[in-house]
Amino acid sequence: MFSPLILVQILWTSLATTSCFVLFALAFALVLKVNRVFNFAQAAIMTVAFYAAFTAVARGGAPGWAGLLAALAGAAFMAVALQVLGFRALQRRRASSMFVFIFTLIVSELISYVAMLLFGTWPATIFPSLFWPVTMVGGIAVSQWDMLALGATAVALIATFAFLHLSRIGQAMTAVADNPDLAAFYGIDRNRAQLAAMVLAGLINGLAMFLYGTRAQVQPTSAIELLLFAIAATIIGGIGNLGGAVVTAVVLGLVQNASVLFIPSEWQGFLLYFFLFLAIVLFPRGVHLPVRKRPFRTVAAAARRPEEPAGG
Amino acid sequence: MPVSLEVRGLSKRFGGIVVADAIDLELRAGRIVGLIGPNGAGKTSFFNLVSGVVRPDSGTVALEGRDLTGMKAHRRARLGLGRTWQSLRLFPSLSVLYNLLIGARHYPGERLATLILEHGRVHRAEKAGRQRALEVLQRTGLDGFAHREVGSVPFGQQKLIGVARALMNEPRCLLLDEPMAGVEGQAYRTIQSLVRTLAAEGISVCVVEHNVAFIRDLCDEGVFMFAGRVLARGTVESLIADRRLTELYFGT
Amino acid sequence: MEYLYTIAILMALNVILASSFNFVIGYGGLISIAHPVFYAIGAYGSALLARDGGVPVLLAIPAGALIALAASVLVALPSVRISGDYLLIGSIGVQLGILEAIKNVGWTGGAGGLTNIPALLRPGTDHGVYVALVVALAVLSVLLLHWITRSGYGRAMSAMRDDELAFAALGRNAVAMKVAIFALGCGLAGLAGGLYAHYFRFLAPAQFDILQSAALLTMVVVGGMRSTFGPILGAIVLEVLPQAITFLDLPAGLLGPMQGILFTGLVLVFMFIRPQGLIAAGSVWRGRALEEGHAGQS
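Residue numbers (my numbering), protein chains in the order written: chain A, 1 to 312; chain B, 313 to 564; chain C, 565 to 862.
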């Protein structure tokens, strides 16, 4: 009933639309992994990023690249403030995880109310028009935004993973995520690693929110709903597994965007809650961060009886 | 003597770490077995697997012929499997007496509907539980501490509270995780004689302990664990005398 | 007079909501933000049963509470089974998802709201009767929760919050307990919903949105988590403060955000400056002197 061309078109557009969501999920999963916080205040970071870009471009008439810089700066600033004024203080006080939860939630709500006060509740966009020039590639409509978003997302993903694996501070972040006590033993500053994770996640959010805001309308409350997608992807993808979160986000995004084919559009937003529900019911085993396997394999192999089949 | 606890092929790995590797172990009623082995040998993990706190990858656990495999921790406890914790895990917000009452057997006040609809029954159970708690406190020499906050009680007595709390459930098998670490003097002797009496009453006891003197004085038998496996079983003397085990223990 | 009645009813409803929410998050240690949604389920359930189902209002209100209770069990069972964190995430999904559904479905009146809800009282009855009814139910709810938290059940809740593993290893079923706590708390929220629906006779999804979650959290955190009177004080303060803001004559567009900032800002201030709230609950559980007091009984 659909021609293959239309299917390819939908897939392509869905993939492009999904790119921002992938970055939101990456940022959420990163903070969860390194800082061990379900950071609902990520919505606050996203809101600040969007309205920073909005103020610079739509209100101030600055060019697009300045808007991106404003989004990055706003997001990074918010991330640092959260970590230094919020999480660090709560950590020092040994606040319960419930307390930290409430804190992140309340911060994201506070920021959305502040945004409502300053910018009103109406949907806004960074550029006056959401339409981007389209070129036809083999019968598929490819907009400049698609290319921009996919390109930027790919670069951001590669840069993030390279940073985590190659840079000293990135490796420190992974070490802290794996075992905070052991990391402290080897002289890795947990505070610095967590701050770095927040800043990195902030920058990813800034980029993603800028991309999102050049293509879709944003309200002060949008970020909380966008964040739910990231949470669902992180849970299904396996907590502590950044790659898993990214891949799951791609799949979920494709399914959600392509769902126009199967279900009425007003229920499309509902799919997200369905995903979340599925994630909780079917993929609940994520709370305990998985143990890194490699370093211990040898120990285990040495201890195992030779005749014992693997997996016991 | 009849078999009390029967463990067959219990295995568990976390990622690449094997904490239990096809463990077979029997505890007999009235006997005290000491689990020894170096740190990380899997002794506490064994307790966690048997008590249902951690889910094993495979293997079965039975208590007095009743299969416990797959049961949640609270159901195993109700069927008579009691345990204590290396890190005590007392309830700091409750007094000593109330800590014990949490362990009371047949406590109907646990169901919200029963609490509201059958207040009289709950009230009687509360009285009975309190009576039993006072008896257990007396027996463990803690009667002077009943209304103290657990945090304000000396450490040796805190260890005793952990044991007393487990006794409230009238266990048939008792797993004691390092009951003696950091304990000396009167509390030491009380725990020692208490464990002996409990065994004499027909309870099977399994003790994890680094204090070799305590194990030798108390246990009828020793089990040596290493890397999640049972390496040897016999009298404590024979295990201590085994050069191979001593080397593993001290990690040479 | 009508204005004062309205304030009194809203205050009493907020007392039920805040106390039951305190029961869930404070005593139960169950983090949920979906309390307003169970309030909504009770309100819509009762309103629809009475309006379209022809059920007498007096029966519809408890039925609405039971629907909210049943819904809360459905939410709690899958998430509580695993870990507390999942209840929070699940509750966010439920809070946003069910409101989304109410907005999109025809039979709830959609985003425009549900109108013509039958009133509990016959026309012409003094509304003071309704005030008395709601206040009486609020007092009963508070007493019930206070009684539970001071009973052996409350003692067990305290132990469960202290150490869930040790609790389970003593033969206590933490999962069943959490589901029961969540169900009772949400059922009471549903009761408040029914009481709301048949007095104000109009419901709209916006009344139950995440602003309500923030307001309830504020009542509990500012008032004092895990104390009986804290949430009551919180509910009264939070009902009076926004009313005071209304007198400032702000434009309607600013009023909502200002209230939101006030709620969330207050929580943050209290979290960092006085985390125990206005009325601090002690760290040690104190129950009724049950046995001593009843020595002659049974």
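Hints were generated in silico from the structure; no laboratory data involved. It is possible that part of the hints are untrue.
[Said to hold, decoys possible] Below, a list of computed lysine to aspartate or glutamate pairs in the EDC-like style, where the Cα atoms sit at most 20 angstroms apart:
1. C:K667 with A:E225
2. B:K384 with B:D369
3. B:K384 with C:D616
4. B:K439 with B:D455
5. B:K384 with C:D773
6. C:K667 with C:D616
7. C:K667 with A:D181
8. B:K384 with B:E318
9. B:K439 with B:D369
10. C:K667 with C:D773
11. B:K384 with B:D455
Since this is a predicted model, take the numbers as computed values, not measurements.
Taking each numbered hint in turn, which are not upheld by the structure, reported in ascending numerical order? 3, 5, 7, 9, 11
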